Structure formats: C-alpha cells, structure tokens
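Input sequences plus hints: build the corresponding full structure.
Protein sequence lines correspond, in order, to chains A and B. Using my numbering, the letters of the first sequence map in sequence onto residues 1 to 207. Using my numbering, the letters of the second sequence map in sequence onto residues 208 to 354.
Heads up, a few of these hints could be off.
What the hints assert, rightly or not - Reference listing, derived: stretches of chain A covered by chain B, where coverage requires no fewer than 3 residues with Cβ under 8 Å from a Cβ of chain B:
| no. | stretch |
| --- | --- |
| 1 | 51-62 |
| 2 | 114-127 |
| 3 | 171-181 |
Keep in mind the hints are simulated off the structure, nothing from the lab. The model shown is predicted, which means the values in this text are computed figures rather than measured ones. From the three backbone atoms N, C-alpha and C, an ideal C-beta is built for every residue, glycine too.
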Amino acid sequence: MIGRVDADAIAALAEPQRRAVYEYVARSGEAVSRNAVSDGLGIGRTLAAHHLDRLAEAGLVDVSFARVNGRSGPGAGRPSKLYRRAAAEHELSLPPRDYRTLATVFADAVEEAGVEPVLYEAARRQGERLKRDATGDEELLRGLGYEPYEDGAVWRLRNCPFDGVARTHAALVCGANLALLEGALGERVQIDPRPEGCCVTVRRYQK
Amino acid sequence: MTFHLAQLNVGRTVGPKEDPRMAGFYGDLDRINAIADGWPGFVWRLVDDGGADATSLRPFGGDLLVNLSVWESLETLRDFTFRSGHLDVLRRRREWFVPLGDVYAVNWWIPPGHIPTVEEAGERLDLLRRKGPSSDAFTFRDPFPAA
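See below:
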C-alpha cells in the first residue's frame, strides 16, 4: 500500500512553480517570510503565500510566527508567518523498497565486527566511482543530495543524505561519508561537525 | 523530576601508552577533554590522581580503559559525541581500540548531584550485557526516556 502522507507530500510538488518555492525555502537554510519568497522568485505575494500554505499542509515546510525586527507589545503589528523546510523525510518508491532498514542492519554488523576501516575503504572506492561519472564537483555534491552552499573558501553541505542511519550510527556513517567524499574529491575534504547538516566541508579550490 | 545522564564506555587499546600507534590518541586527549568540559550540558567526568583524565585507571582489571561521565541530558551527550571535534576521534577509534566483541558502552539515568561510582557503572554495563537495553541501562541506539 502506498503511504498516503508521502504520496500527498510528493504530489504537492507536481506543480513546477510550487516546486520552485519549495527549493527556494530549502536552500535558504533558515525560516523565510512570504515576502522573501515573493521577491526571491519574482512572483506575487498572494501566489507565494498560496504555495507556501499548500506546502505546509503537505508537511513539506514548517510554519512559525515571529515579529520582524523583534518588536513586541501594542503597535508592533501582527507577527509574520515564517516557513522553513520540514525535517520529516518523504519517500515514495514503486515498487516499495526499504534500503534504510537494510543499511541499519549493515551498520550494526560493521560495528559489532569492528571492521570500520573496511567500510571506509569501500566508501572511498565508491567515491572514486562516483567521480568517474560526474561532470563537476559541485554537480556531484548536488546530485548526491548534499545541498552545497558557498561559505568563503569552502562549500558547506546543508543536508546529510544519510541522516536516517547517521542518527543511530553517527561514527560509522560520518566516517563512511568522509571517506566517500575523499574518494570523490580528494584532499579538499575535511571533517567539521556542526549543529546541523553534513559533518564535512569541501575546499572550493584545489590548493 | 529531572534526571541527569551517566555514561560509561570501556575500551582495549592496540598497545600501551608508549606504543607509537597510540600517539595520535594520547596526543589529542587533552584537546578533546577540554571540548567536553566546556560543552553545554557537561556535568562531571572521572579523572585519576593526575586530574587530567582517566586513562591510568583500570577499575575493571586487565587492560580496559574507562570513560565515565555525567551529562544534563541524552541530547547534550549526543551533541558532544557526534557534533563536536570528538566525532573525528570516534570515527578513527579502530586505529587505537581493538574490537571488544561485547557491549562496550552504557547510559543510565541518575538524580542530579549524584556522582556514579565505577562499581555502579560496571553493574549497569553488566545489566545491559545480560538483559539488553532497558530503562536501567541503555544505548544511543536504543534509548529510554527518564522515568
């Protein structure tokens, strides 16, 4: 049976303009207002609001309220509605596939056997394969779902594509992730854990 | 009533402290411990008479090193473990620690102010090994909320 919640969420993205709104919110990395989306995409405010509320109904964005400029009390005006990409994962695979459960079992086995170095080496080789097929570094990162964004001399990676397994097996998954990216991008990759997102940063230029 | 979280982990190193293979671990220890001490939610950790760390202690005999510490919550410990400079040490642990072939880490809830003893910690690890995760002894993988 196809999950109704996931199917509804994905169906909400069928409309190209709404998909653009979702992508704008996702790459903003913080809560954004209707006006920001409207200005950013050059669409009307009512239309931006409509898409945002539809995305919220589908569970793809979370809504919060805040007063712009931090004003409060009488005269501060109504708080504005802010939107940020929801953390909930949606997956629709037809026929049904469930790689997460299998990955979790593999991770348990690697940890019990203590063969992390073997895992890292396999991940490195996989990274080398991915590099062979990639047209460019940024495209490779995007294609794998890391959502890179520029921060000075480095790309930070807004999204951890392996988050579901990283939550239960962080050391293993972050180690394999680092090795995979080293295989694909070489020495430019560094581990740099932060409160959110991927634990790796990538120098944008070769030394 | 709020609870604090106690954690114990044990490990057997690939060689003694003087072994060149252990240099990376011992060389980084003070830096990592300083990160822990300053991390939000850190309460206490076991240290030996030297006062810097617990690496000279062998409370469970043999050659088992121990880490015993207290945190304000599971989330703060999780953040330190996986979202600080400590992550890289964890990632590299097989360079310094042999696979133990048994459960090597346990968490349990304690009343705030309580300082766990190594005996108590050993009992919790033993409980986890015998009965699997429960509210009295659990893992990151299978956590239990404070009662």
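Checked hints:
no.: 1; hint: 51-62; verdict: violated (count 0)
no.: 2; hint: 114-127; verdict: holds (count 4)
no.: 3; hint: 171-181; verdict: holds (count 4)
Violated hint: 1 only; the structure is consistent with all others.
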